[in-house]
Amino acid sequence: HLSYGQRLNKFTPEQIEPLLDELIQNQSAEGLFACLEIIGMYSFKKNLDPLLIQKVKSITSSSIIFNNDIELGVSQDFHFIQLIEKIISQNCMDDDYVTNLMSRVLQIIRESCSTYSVNVREIYFKVLCLLIKRFPHIVWEQLSSFYDSATNIQLDRPLDFLAPNIITAHTDFVHVKSGILFQIMQDEVIKDECLDWAKENPERNGAFLCSFYPVLEIEKFKEGDKDNYKVKGWHPKFIELVEEFGQYDTFITQLDQRIEPSSWMDSPIPYIDIFIEPLSEWSEEHPIPKIRNWSRERLREIQRYIQNWNNNSY
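Residue numbering for the sequence shown follows the numbering used here, starting at 886 and increasing by one per position.
What the hints contain is simulated information worked out from the structure, not anything from laboratory work. Positions of the beta carbon are idealized from the N, C-alpha and C atoms, including for glycine. Hints are not guaranteed to be accurate.
With a straight-line Cα cutoff of 27 Å, these simulated DSS-like cross-link-like pairs (lysine-lysine) come out [stated by the list, open to error]:
1. Lys1062 to Lys942
2. Lys1111 to Lys1175
3. Lys930 to Lys1011
4. Lys1117 to Lys1105
5. Lys895 to Lys930
6. Lys1175 to Lys1107
For each label pair, taking beta carbons as the anchor points, the in silico distance ranges come out as [said to hold, decoys possible]:
7. Gln1039 to Asp1081: 29 to 37 Å
8. Trp1082 to Arg1185: 15 to 23 Å
9. Asp1081 to Ser1034: 45 to 53 Å
10. Pro1172 to Glu1088: 31 to 39 Å
11. Glu1129 to Glu915: 42 to 50 Å
12. Glu1088 to Asn1195: 49 to 57 Å
13. Asp1072 to Asn1178: 49 to 57 Å
14. Glu1166 to Arg1089: 25 to 33 Å
15. Gln939 to Arg1181: 19 to 27 Å
16. Phe1106 to Asn1195: 39 to 47 Å
17. Arg1185 to Glu996: 48 to 56 Å
18. Arg1185 to Ile1038: 29 to 37 Å
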């Protein structure tokens, strides 16, 4: 293993370029990650040189990086994200680079998450978080364009990849909180674009919005040394979404997925018990009959599930 870092500090970026190019031209994920690690160590506590910025942009948006045979260490993950953050902090991002990074994210969605290792998915999940925060307009433009042309098989993949319960573990009731895409809704212009886009094909696109909107308002508080939670009710933004799209079966199907955790700690009861009061409210007075009927059915199912669980039937 090549020892680098401080030993390369005496060289200029132009002098280490042949080493970087040799690794890049090797056309392997190992070579590309080694190249990023060298650049990361070489640029520690200093700005990236323009020549190195171009190298990082080329590597981090390359499809070769997706090689699943490579075992990634913590340092490789760290350098990948840190170098992109440096490019952002130096105001050296451009629309083409953001679009290229988004194309890698969409490649994972398009070809199925299971095609790629957890390491690769986690890296590009972090990339997506960075892009949403800094470049929400490009993210939404790319994502909505993909979703418009996706096949039926691909339609569920953005939901799987972007929903809040996929990469993050089920802690703090994350399955009912907002997904990362909800951040783009903080921009009023994009929010209007998203809602207009969904209304163009409400039966299809309303369900997509349901996949990342916050479902419940949950207040976290301390009782001694223990964290505790109080459900305040349906999230106001989710109430608005349901009023717009709740009459569609596809939306209700997605809603079923949102309220049912796929994993839990110790017992599933705390993760579904939080819905009893909100569902009771909707089952009696929601203005949309389909939502009212759905609430009644789900309420009965949850109550029956809890009773059976307590009777050790599971």
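Hints versus structure:
The straight-line distance between the Cα atoms of Lys1062 and Lys942 is roughly 33 Å, outside the 27 Å bound, and the hint therefore fails. For the given pair, Lys1111 sits about 39 Å from Lys1175 by alpha-carbon distance, which is inconsistent with the 27 Å threshold. About 22 Å separates the Cα atoms of Lys930 and Lys1011, which keeps this hinted pair within 27 Å; it holds. Simply put, Lys1117 and Lys1105 have alpha-carbon atoms about 10 Å apart, close enough for the 27 Å limit, and the pair holds.
Between Lys895 and Lys930, the direct Cα distance comes to roughly 15 Å. Compliance with the 27 Å bound is thereby established for this hinted pair. About 38 Å separates the Cα atoms of Lys1175 and Lys1107, which puts this hinted pair outside 27 Å; it is violated. The hint said 29 to 37 Å for the Cβ distance between Gln1039 and Asp1081, and at roughly 23 Å that hint is violated. Between Trp1082 and Arg1185 the Cβ separation comes to about 35 Å, which falls outside the hinted range of 15 to 23 Å.
Range check, Asp1081 to Ser1034: about 18 Å between beta-carbon atoms, so the 45 to 53 Å window is missed. Restraint check, Pro1172 to Glu1088: a C-beta distance of roughly 19 Å breaks the suggested window 31 to 39 Å. Distance hint for Glu1129 and Glu915: a CB-CB separation of about 49 Å, consistent with the stated range 42 to 50 Å. Take Glu1088 and Asn1195: their Cβ atoms lie about 38 Å apart, and the range 49 to 57 Å is violated.
Checking the proposed 49 to 57 Å range against Asp1072 and Asn1178 shows it is violated: the Cβ atoms sit about 35 Å from each other. As the Cβ distance of Glu1166 to Arg1089 is approximately 28 Å, the hint placing it in 25 to 33 Å holds. The hinted range of 19 to 27 Å is not satisfied by Gln939 and Arg1181, whose Cβ atoms lie roughly 60 Å apart. The hint said 39 to 47 Å for the Cβ distance between Phe1106 and Asn1195, and at roughly 26 Å that hint is violated.
Judged by the Cβ atoms, the range 48 to 56 Å given for Arg1185 and Glu996 is violated: they are separated by roughly 40 Å. Separated by about 33 Å at the C-beta atoms, Arg1185 and Ile1038 satisfy the suggested range of 29 to 37 Å.
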